[in-house]
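Line order of the protein sequences matches chains L and W.
Read in the numbering used here, the first sequence has 207 at position 205, and its numbers run on one by one without any break.
Read in the numbering used here, the second sequence has 78 at position 76, and its numbers run on one by one without any break.
If you are wondering where the hints come from, they were derived from the structure by calculation, not from laboratory data.
Glycine residues also receive a C-beta, built at the ideal position from the N, C-alpha and C atoms.
Hints may contain errors.
[As the list claims (entries may be wrong)] Derived list of chain L stretches under chain W, where covered just means 3 residues or more per stretch with a C-beta under 8 angstroms from a C-beta of chain W:
no.	region
1	136-147
2	199-208
3	260-273
4	338-349
5	365-378
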Amino acid sequence: MDLAFTPEEQKFADDVRAFVRANLPADVRDKVKNGKHLGRDDYMRWQQALGKKGWLVYTWPKKHGGPGFTPAERYIFENICAEEYAPGIIPFGTKMVGPVIYTFGNEEQKAKYLDPIRLSTVWWCQGYSEPGSGSDLASLRTKAEKEGDHYIVNGSKTWNTMGHWADWIFCLVRTDPKAKPQEGISFLLIDMKTPGITVKPIIMADGGHEVNEVFFDNVKVPVANLVGKENEGWTCAKFLLANERLGIAAVPQSKRGVAALKDIARAEQDNGKPLIENQSFAEKIADLEIQVTALEYTELRVLSAMAHGGQPGPEVSGLKIRGSEIQQRLTELTMEAVGEYSAPYLPGLLWQGTNEAPVGPDYAHLAAPRYFNTRKTTIYGGSNEIQKGIISKMVLGL
Amino acid sequence: MDLSLSDEQKQLQEQAERFVRDKYAFDARRKIAATERGWLPENWAQFAELGWLGMSFSEEDGGYGGGPIETMIVMEQFGKGLVLEPFLPTVVLGGGMIARSGSKAQKEALLAPMIEGKKQFALAWLERQSRYNLADVSLKATKEGAGWSLSGHKGVVYNAASADHIIVLARTAGSAREPKGLTLFIVDGKAKGLSRRDYPTQDSLRASELTFDKVSAGADAVLGKVDEGFGIVEDGVDRAIVALCAEATGCMDAINAATLEYIKTRKQFGVPIGKFQVLQHRMVDCFTNAQEARSMTLMASLKIDDKDPVVRAKAASGAKVQIGKSGKFCGQSAVQMHGGMGVTDELSVSHYFKRLTMIDLMFGNQQHHLTRYSNLAMAA
Numbered sequence: 003m004d005l006a007f008t009p010e011e012q013k014f015a016d017d018v019r020a021f022v023r024a025n026l027p028a029d030v031r032d033k034v035k036n037g038k039h040l041g042r043d044d045y046m047r048w049q050q051a052l053g054k055k056g057w058l059v060y061t062w063p064k065k066h067g068g069p070g071f072t073p074a075e076r077y078i079f080e081n082i083c084a085e086e087y088a089p090g091i092i093p094f095g096t097k098m099v100g101p102v103i104y105t106f107g108n109e110e111q112k113a114k115y116l117d118p119i120r121l122s123t124v125w126w127c128q129g130y131s132e133p134g135s136g137s138d139l140a141s142l143r144t145k146a147e148k149e150g151d152h153y154i155v156n157g158s159k160t161w162n163t164m165g166h167w168a169d170w171i172f173c174l175v176r177t178d179p180k181a182k183p184q185e186g187i188s189f190l191l192i193d194m195k196t197p198g199i200t201v202k203p204i205i206m207a208d209g210g211h212e213v214n215e216v217f218f219d220n221v222k223v224p225v226a227n228l229v230g231k232e233n234e235g236w237t238c239a240k241f242l243l244a245n246e247r248l249g250i251a252a253v254p255q256s257k258r259g260v261a262a263l264k265d266i267a268r269a270e271q272d273n274g275k276p277l278i279e280n281q282s283f284a285e286k287i288a289d290l291e292i293q294v295t296a297l298e299y300t301e302l303r304v305l306s307a308m309a310h311g312g313q314p315g316p317e318v319s320g321l322k323i324r325g326s327e328i329q330q331r332l333t334e335l336t337m338e339a340v341g342e343y344s345a346p347y348l349p350g351l352l353w354q355g356t357n358e359a360p361v362g363p364d365y366a367h368l369a370a371p372r373y374f375n376t377r378k379t380t381i382y383g384g385s386n387e388i389q390k391g392i393i394s395k396m397v398l399g400l
Numbered sequence: 003m004d005l006s007l008s009d010e011q012k013q014l015q016e017q018a019e020r021f022v023r024d025k026y027a028f029d030a031r032r033k034i035a036a037t038e039r040g041w042l043p044e045n046w047a048q049f050a051e052l053g054w055l056g057m058s059f060s061e062e063d064g065g066y067g068g069g070p071i072e073t074m075i076v077m078e079q080f081g082k083g084l085v086l087e088p089f090l091p092t093v094v095l096g097g098g099m100i101a102r103s104g105s106k107a108q109k110e111a112l113l114a115p116m117i118e119g120k121k122q123f124a125l126a127w128l129e130r131q132s133r134y135n136l137a138d139v140s141l142k143a144t145k146e147g148a149g150w151s152l153s154g155h156k157g158v159v160y161n162a163a164s165a166d167h168i169i170v171l172a173r174t175a176g177s178a179r180e181p182k183g184l185t186l187f188i189v190d191g192k193a194k195g196l197s198r199r200d201y202p203t204q205d206s207l208r209a210s211e212l213t214f215d216k217v218s219a220g221a222d223a224v225l226g227k228v229d230e231g232f233g234i235v236e237d238g239v240d241r242a243i244v245a246l247c248a249e250a251t252g253c254m255d256a257i258n259a260a261t262l263e264y265i266k267t268r269k270q271f272g273v274p275i276g277k278f279q280v281l282q283h284r285m286v287d288c289f290t291n292a293q294e295a296r297s298m299t300l301m302a303s304l305k306i307d308d309k310d311p312v313v314r315a316k317a318a319s320g321a322k323v324q325i326g327k328s329g330k331f332c333g334q335s336a337v338q339m340h341g342g343m344g345v346t347d348e349l350s351v352s353h354y355f356k357r358l359t360m361i362d363l364m365f366g367n368q369q370h371h372l373t374r375y376s377n378l379a380m381a382a
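Whenever a hint applies, use it, and build me the whole structure from the sequences.
This is the structure in C-alpha cells:
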C-alpha cells in the first residue's frame with residue numbers, strides 16, 4: 003500500500019496535463035471555468051480531441067479499444083481534467099451504452115457502434131425512466147412488438163438528458179407484457195432520426211432546457227438493434243446502472259468546486275473583511291472539504307478493489323448517495339457566500355449567451371440556479387432513497 | 003392569554019384566502035409574473051378597496067387600527083399563493099417606517115395616498131459589500147445648500163421600478179460600518195441623476211441596481227433625524243422580517259400540502275409512495291417544521307411591538323432562524339419527494355422552493371440571525 007505516485011504515474015500526470023492544455027479549446031475552458039452552459043459543439047470538440055488520443059473511453063479495457071488505465075491512472079486523468087476545467091465527458095455513450103455493447107453485444111454491433119463512441123462522432127442519449135416508472139424502473143411500459151425483422155415501438159420516455167442533441171438512444175422496452183416485470187424487458191438501440199420519434203423539452207426550475215420527454219409512435223426498429231437476448235434486457239440495465247452510479251460521485255468536480263467556493267469566500271465581503279475569515283463560514287467549508295476527502299478515499303478503495311477483478315457492486319450506491327449530497331451542499335454554501343446577490347435572475351446571461359451585463363460578479367447570478375438545479379442529483383440515477391434500499395438489502399442483508 | 007383570532011381577524015383571513023383562490027391559481031400567477039411590471043394594478047386597487055393597505059396603521063395616520071397580527075394574517079395567505087404584488091416593500095417597509103418616523107407633512111404626502119393605493123415605495127439599503135450588515139453603507143449624502151446630494155450605488159432594491167418613492171439609506175457622517183451617521187432620505191423614483199438596472203429575481207419578483215449620481219434631496223426628504231437613520235431601518239427591517247416569516251409559513255403549508263397529496267397518489271412498486279416509511283417520516287418532519295415556523299412567526303408577531311428593542315430584535319432574529327431552517331427542510335424535502343417533477347418549472351413545488359430559498363437570503367440568512375440572536379441572548 004502506497005499513497006505516493008510512482009515515477010511512471012507522475013510522468014503520466016504530466017502527459018495528461020500537457021495534453022489537456024494543448025487540446026482543450028480555450029473558449030470551452032473559459033465557459034467551464036465561469037460556470038457557463040455548454041453547447042453540443044463545445045462538448046464535441048473536446049471529446050473528439052480526447053477520442054483521437056484514445057482517452058475518451060478512459061474506463062474501457064484495452065481489448066475493447068480503451069486505454070486500459072490502472073485505477074491510479076484513472077484517478078489522475080479525472081482529477082487533472084477537472085483541475086484544468088475540461089467539461090465533463092457525456093456518459094451516455096462512453097460510460098453507459100458502450101460498456102453494455104462490448105459486454106452483451108454481438109460482433110456486428112461492436113463493429114458498428116464502438117468506434118463512433120470512442121471517437122465521439124455519435125451522440126447517445128438514454129431512454130430509461132418513464133412518466134409512470136421512476137424509482138420503480140422495472141414497471142416500464144414502452145412496448146416493442148416484433149413484426150418480421152423489426153420491432154414496433156410505442157410509448158414514452160422521460161428525464162431524457164440532452165436528447166435534443168442526440169443521434170441515437172438506448173432504450174429499455176417491454177417485449178413480453180405477460181412476464182414478471184424484470185423478465186419481459188429488452189435493451190434496444192434506436193436511431194433518433196427514425197420516423198415516429200418526437201422530442202419534447204422539459205423546462206427545469208432554473209429555466210433551462212436539458213431534459214426531454216421522448217415519444218415513440220409506431221417507431222420501426224430493426225431486430226438487429228437488440229442488445230443481448232430478448233427479454234433479458236434487465237441484466238444490461240442493472241450493469242449499466244452500476245456503472246452510472248460510479249461516475250455520479252463526481253469527486254474531482256466537487257474538489258474543484260471546493261476550491262472555487264474558497265475563491266468566492268475570499269472575494270465576498272463580510273463586515274469589511276473577506277468572508278473566508280468568518281469562522282463559522284470557514285468551518286462550513288472545512289466540513290465540506292472533509293466530506294469530499296472521505297468520499298474520495300472511498301472511491302479510491304472501490305477503484306482499487308475493481309483493479310483486482312470484478313465489476314462495481316452494490317457498495318457503489320454509497321458513493322452516489324454521498325457524492326450527490328456533497329454536490330448539493332457545495333451549491334448551497336456558494337449561494338450562502340453570495341448572499342442577497344443570488345437574487346437577480348439573468349436568463350440572457352445564463353442561457354442565451356448574450357452580452358447582458360452581469361449584476362455583481364459573474365459567479366453571483368449562477369449561484370441560485372445551480373442550487374435549484376442540483377437538487378436533481380439526489381433524484382437521478384436512482385433516487386437516494388432507492389440507493390439506501392439497495393445497500394440495506396444487498397450489503398447489510400436487512 | 004388567548005392566541006385565537008378575533009372575528010374581524012377571521013374575516014380578514016377569509017378575505018385573503020378568497021383573493022388568493024380567485025386571483026392566484028398557479029397559471030394565473032405565471033401570467034402575472036410574465037407582465038412587464040410583474041404585478042397587477044387591478045389587484046393593488048383591490049387591496050386598497052379591501053382596506054389591506056391601511057389595516058396595520060393607526061387611525062390618526064389614516065389607517066384602520068390593526069397591527070402586526072393583521073399583517074401576519076394577510077402575508078400568510080400571500081405565501082400560499084406566491085403573491086407578487088409589492089406589499090412588503092410598500093406597506094410593511096416603506097409605509098411602516100414613514101408611519102413610525104415620518105413628519106406630519108410626510109405622512110400626509112405619502113402615507114395617506116399609499117393607503118389609497120396611489121403610492122408605492124422601495125427601500126434601498128443593500129450595497130455590494132454589505133452582506134447583511136445594515137450599517138455597511140458607503141453611499142454618501144453631502145450637504146448642498148439647504149438640502150443634500152446623494153451619490154453611490156444600491157443593489158437588489160425590490161420594487162424600485164414601480165416605486166414612486168425610494169427610501170435610501172445614506173452615510174452622512176461617521177466611518178464605514180458605523181451605525182451612527184446614517185440618514186434615510188425619501189427620494190423621488192424618477193429623480194434626476196438616479197438610474198436603474200431592472201431585472202427579475204429567482205422567485206419572479208422585480209428588483210433593481212440603482213446608481214445615484216448627485217441626486218438632490220431637500221431637507222424635508224430626511225426621514226427621522228439626520229445621522230440617526232440606523233435605528234429606524236433596523237426596526238423597519240425587523241418588522242419586515244416578521245411579515246416575511248408569515249409569508250414563509252404560508253409557502254410551507256402550501257408546499258407540504260402539495261407533497262402530501264403527491265405521495266398519496268403517486269404509485270411506484272404497486273403502492274402509493276406514501277406507504278414507504280422513509281417518506282412517511284420525512285413528511286412528518288416537514289409537518290413538524292412548518293408547525294415550529296408557525297409558532298415562531300406568531301411569537302414574533304406578538305412581540306414586534308414590544309417597547310424593549312432587544313425583545314423586538316430577538317423575536318425577529320429567532321423567527322428568521324426558524325424560518326430559514328424549516329423553509330429549507332420543507333422546500334428540499336418537497337422537491338425530493340416529488341422526484342424529477344420537483345425539479346421542473348411545470349409544478350408549483352419548485353416555485354415555492356425558490357421563494358422559500360430567497361426568503362432565507364433576504365435581510366440576513368439563518369446563520370446571520372443565529373449570530374445576532376446569540377449576541378443578544380448571551381448579553382442579557
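Item to check | Outcome, coverage of the region 260-273 of chain L by chain W - at least 3 residues whose beta-carbon is closer than 8 angstroms to one in that chain | outcome: holds (count 4)
Checklist entry - Has the region 338-349 of chain L got at least three residues whose CB is nearer than 8 angstroms to a CB belonging to chain W? => result With 9 residues close enough to chain W, the hint holds.
Checklist entry - How does the coverage statement for the region 199-208 of chain L fare against chain W, requiring three or more residues with Cβ below 8 angstroms from a Cβ of that chain? => result holds (count 4)
Checklist entry - Counting residues of the region 365-378 of chain L whose CB is closer than 8 angstroms to a CB in chain W, do you get three or more? => result holds (count 7)
Checklist entry - Mind checking, does the region 136-147 of chain L have 3 or more residues with a CB under 8 angstroms from chain W? => result It holds, with 4 qualifying residues against the three required.
The earlier numbered hints are all upheld by this structure, with none contradicted.
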